[in-house]
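Those protein sequence lines, which keep their order, are chains F and L.
Offset between the first sequence (1-based) and my numbering: plus 347.
Offset between the second sequence (1-based) and my numbering: plus 49.
Relax, there's no trap hidden among the hints.
Just the calculated beta-carbon pair ranges, DEER-fashion: (1) R153(L) / D416(F): 44 to 52 Å; (2) D476(F) / R170(L): 16 to 24 Å; (3) G91(L) / D416(F): 37 to 45 Å; (4) T98(L) / V355(F): 13 to 21 Å.
Just so you know, the hints here were simulated from the structure itself, not pulled from any lab data.
Built from N, CA and C at the ideal position, the CB exists for glycine as well.
Residue strings, one per chain:
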Amino acid sequence: MTVADVRVKRITLNVDPLEVRDLLERVPRACISFAGDEGPRVEPVTVLFKDDRYLVGMPSSAASHPTVDEEVVLLIDDGVQFFDLRAIYVRGHVQSLGGVKYLSSDFFWFEVQPTRTVAWDYARIREVDDES
Amino acid sequence: MMNPDDPAVVDILRRAMVARIATVSRNGRPHVNPLYFVCGRGKIYLGTTDRTLAALNVKANPRVTVLFNIESEPNDRRVLRLRGGAIVRTDARLCRWYVRSDLRKYIFSRRGFGNSLAHARLLPLVRRFVSSGEKGQECVLEVRPEEAALLTAPNRLGIKRTKKFSDPPYC
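Chain F on its own, in the form it takes in the complex:
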């Protein structure tokens, strides 16, 4: 056996986002974080996942909104008990949203254009080959 044949294993909680897609269809709790002048800001939001687009609605009453092109992190998570914890974490940039008529006017709507999406599910903890 050569050194190259030795496979290094690591333990992961991460899953393919498709495996937790139900979180996007029935959003349990969601929030969006962005940087403000006085530190991090975070607001509870509603999310619609439509045609592979993350449409995010923030209450119009929110103290501040992220601006177009600003970097944000959208977190949709579920579960309380350890092995029930699941989440989708989307890092991306804000894009303005126009012409979507079915959205409630009580919200400030925008789209998050993802640059990185990670999902995890604690009940899927497992050992995988380390490909890093």
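Given chain F, work out where chain L should sit, using these hints.
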């Protein structure tokens, strides 16, 4: 704005199970992630490891914002938002206290125990994952709340509806 020791704030903190802590990096990049927490001595303690983005960000910028809601009552749409300063604590005494409190809250409860039992075959893997040090040394983010606000979580759909649903009563 509310005082962090307002009874409504204390009530939500007592019943909430998962905190979502927002931080920013040295370069001003945002981050938010869910963590378990316990309260004590007027502070919030969140368990993590020192190589996570949350811990690295707190070291670079101590300002944090944390959201809480009462997960056991899905119709209660109140969301508590706390802002404050945080530090990363790695001292053994505090970490031991945190682990004991965390186990009491999350594992040695009826639901926690049942959940662990149902996934008993995964426990050795969790133990190896925690002790591997892959994500660094265990640490606690100690948050000193400075201001609190009660928000209302949006309804789940956000699509136009004809019937208006009223907000749940506030404390």
